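Using the sequences and the accompanying hints, generate a full structural model.
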Amino acid sequence: MTKFFKHLRIYIFRGLLAIIPLLLTFIAITLLYKLIDKKVMSFLDQFIHVRQIPGMGILLVLLSLYLIGLIVSNVVGKQLLYSIGQVTEHIPIIKIIYQLGKQLSESFSTASGKQAFQKALLVKGINDQGWVIGLLAGTVKDNTTGEEFLRVFIPATHNPLLGCIILVKSDQTRDPGWTVEETFKAMVSIGIVFPSEIKK
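In the numbering used here, the protein residues as written are 2 to 201.
Treat the hints as calculated values from the structure; they're not laboratory data. Since the model is a prediction, treat every value here as computed from it, not as a measurement. Don't take each hint at face value.
Stated by the list, open to error - 30 Å max Cα-Cα, derived DSS-like pairs, lysine-lysine:
#1 K40 / K96
#2 K125 / K142
#3 K186 / K125
Written out as structure tokens, the structure reads:
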């Protein structure tokens with residue numbers, strides 16, 4: 002009887018491990034469908050009757066983004082964006098929001114040509130208590146002292162896509178030799194999937 006329950010436990014656990022990737026994929030597709038597809042189709046339905054085909058809303062969003070990309074890539078589109086920017090300069094609250102969006106867009110545009118994060122780093126914790134995992138985003142120079150600080154992104158524990166940027170000296174960090182991809186896997190899996198060694 003004990004062997005039977007042990008056998009049952011082992012194969013139930015294996016079944017659970019096998020279904021986790023499928024379950025995560027299903028959840029991601031469901032969220033995309035509910036957040037984008039259904040919203041777009043219900044919005045269009047207010048103006049014209051459109052047959053509800055699953056995935057059509059996402060396809061229309063991608064097509065719209067492609068067309069917008071084509072438009073803003075030529076001289077007329079760039080002039081149009083410049084004119085919109087000039088108009089927002091005269092509207093106080095809209096000006097702040099537009100400038101924020103523009104800076105964010107330019108940051109992504111810069112990062113698209115190269116990797117946004119250069120490498121993983123271990124940063125000394127408060128009062129030298131342990132190490133915190135971070136991602137090197139760049140450097141900042143202090144013109145007063147001539148010192149150069151590392152700009153490190155420290156992800157939030159509840160959501161790796163959120164976090165804070167800290168400035169630290171290079172001697173407050175260690176290079177573990179992990180790739181950015183390995184580090185992201187460790188963050189997203191809350192430490193379950195983790196590099197087996199510090200290489201450097």
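Going through the hints against the structure:
1. In summary, the hint linking K40 to K96 is supported, as the alpha carbons are separated by about 28 Å, within the 30 Å threshold.
2. Straight-line distance between C-alpha atoms of K125 and K142 comes to about 20 Å, which keeps the hinted pair within the 30 Å bound.
3. Distance restraint check for K186 and K125: the Cα-Cα separation of roughly 21 Å lies within the 30 Å cut-off, and the hinted pair is therefore satisfied.
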